[in-house]
Amino acid sequence: MSDDIQTLLDRLPRLGEGVLVTLEMTIGGAILAMVVALALGFGSRTRTLWVRGPSRVIVEFFRGTSLVVQLFWLFYVLPVFGYELQAMAVGIVALGLNYGAYGAEVVRGSVNSVPRGQWEASTALNLGQFHRIRRVILPQAWALMIPMLANLLIQLLKGSALAYYIQLHDLNFFISQLRKATSDTIFSYSVGLIVYFVIAYLLTLGMNALEVHFKSRLGAGPTLREVLRVAPVPTTEKAGAA
Amino acid sequence: MPDQDDRHTDTGKQTGTQTGTEDIVTTDKTEGAVPAIEFRDVVKRFGDNVVLDGLNFSVAQGDRVTLIGPSGSGKTTILRLLMTLEESNGGLILIDGVPYTHEYRGEKWVEIPEKRRRVVRNRVGMVFQQFNLFPNMTVLENIIEAPVHVLKKSKAEAITRAEELLEQVGMSEKRDFKTNQLSGGQQQRVAIARALAMDPEILLLDEVTSALDPEIVADVLGVLREIAETTDITMLLVTHEMQFAREVSNRVLMFDHGQIVEEADPETMFTNPTHERTKEFLKAVLAH
Chain L
1498 MSDDIQTLLD RLPRLGEGVL VTLEMTIGGA ILAMVVALAL GFGSRTRTLW
1548 VRGPSRVIVE FFRGTSLVVQ LFWLFYVLPV FGYELQAMAV GIVALGLNYG
1598 AYGAEVVRGS VNSVPRGQWE ASTALNLGQF HRIRRVILPQ AWALMIPMLA
1648 NLLIQLLKGS ALAYYIQLHD LNFFISQLRK ATSDTIFSYS VGLIVYFVIA
1698 YLLTLGMNAL EVHFKSRLGA GPTLREVLRV APVPTTEKAG AA
Chain X
26 MPDQDDRHTD TGKQTGTQTG TEDIVTTDKT EGAVPAIEFR DVVKRFGDNV
76 VLDGLNFSVA QGDRVTLIGP SGSGKTTILR LLMTLEESNG GLILIDGVPY
126 THEYRGEKWV EIPEKRRRVV RNRVGMVFQQ FNLFPNMTVL ENIIEAPVHV
176 LKKSKAEAIT RAEELLEQVG MSEKRDFKTN QLSGGQQQRV AIARALAMDP
226 EILLLDEVTS ALDPEIVADV LGVLREIAET TDITMLLVTH EMQFAREVSN
276 RVLMFDHGQI VEEADPETMF TNPTHERTKE FLKAVLAH
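Those sequence lines, one after another, are chains L and X. Each residue of the first sequence is one higher than the last, beginning at 1498 in the working numbering. Each residue of the second sequence is one higher than the last, beginning at 26 in the working numbering.
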């Protein structure tokens, strides 16, 4: 066991590199997924058929096919057609499209949950299409979306472990190298569990903070600063009950 | 009153032979002032339910018109059509003589694109039963959002105007509050200020006191009464507050099944209605 730990300590820089690759894929994938989710989520609820139709098809396609197969397709099949992407790019694109498709449903559902009166007030004030979404609808939809997006983000992190199969030296790769070096399966995979868990937990904390932020912007709950403050928060006086 | 000189309108009533081209005819000014609102044969269906079946009526500039009638008679639909919250299924809606949502190109009844609708929509404001303030913004932000981004006013100018309006509706001290820290009556007063900040020529009031506690209704009506007295905004209101309708409006339209069954000044309408349907309705409403 102490040998195992020594081996792990010796390999810490490589663990760092593996974690960086995993984070790079996770964050890159998450950003792309969010863009895809917003585009397809709003696309799915437009009145124009030629926007809604393709949006729905893309969502169903990427939700309905395996992430591993998508990854392999992009990595092994796409070059056949003359488009060769770097392994990292393949990972990010596959994760982004796959989780973006799930995210699109989250976006669509949350946007639909914003009361209709908010859209109507936006029309009455003559706010433009994009303006109303950016300034009125999304700020309210975020608060609803964040918990579900947090779920997807954690799944995306774990999905990034597939990077190992397209020859990326990510955390998963590091774990298997560690196993080879120590010949201790229990130790290596336990380290793997812990490191993934720590990353996932940090992401969760970040998303929780975002949720608090968006809720407080809607006047529901304390601000992030109040939550993080060590001293107890004096209950803010609710005015208005006239 | 807005300048009419350079305003054109597609009359659409002409049995034009040049299909495909836009018939642009200058508004005939000799017939007197152009009505602020005009409905021509407007049809609105929800599925099989025909709410408006060829409705015709007009509202002169500066008029205060109350729409009364049983629920389902189409009153709110009229306001919602004017705010483009619903799409009509036929006929023309004109604002200051300009087709607003649809027009005739030759014989063909076509939708007017959003870009042109937006120009006309700037003249129309609406206050809702459920207030519909934006919860992600403060009171002040709610009021200046559209003036800054739609009317392209400077922020300073918009804030000055917003503060005046907040003063007018008695909400100055709530300027920086989030909207869910306000009571219903306070929210509605902010919503009125928000609509007025767009300097509308036409203000639509859709049962603005229906969601309020009875003791607060008077405050909100007081604010509206003052606006009616101090401005020349054309108002179209749907309300169950008959006393308020009587004080504020100069014309009352009684609706039933999407048609105007009676039209009179408030005094006549409320004291001496002629139509049987109106009598029944008023009796039912005034009973409680």
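For the record, the hints were derived by calculation from the structure and aren't laboratory data. Any given hint might turn out to be false.
Quick partial rundown of chain X residues pointing at chain L, CB under 10 Å, derived from the structure [to be verified]:
#1 Glu139
#2 Arg141
#3 Arg143
#4 Met162
#5 Ala171
#6 Ala216
#7 Thr255
Among the chain X residues that face chain L by a calculated CB cut under 8 Å, a handful are [as the list claims (entries may be wrong)]:
#8 Met108
#9 Thr109
#10 Asn147
#11 Met151
#12 Asn157
#13 Asn161
#14 Val173
#15 His174
#16 Thr204
#17 Ala236
#18 His300
All C-beta atoms, glycine included, are put in the ideal place defined by N, C-alpha and C.
For this structure, which hints from the list above don't hold up? 2, 7, 14, 17, 18
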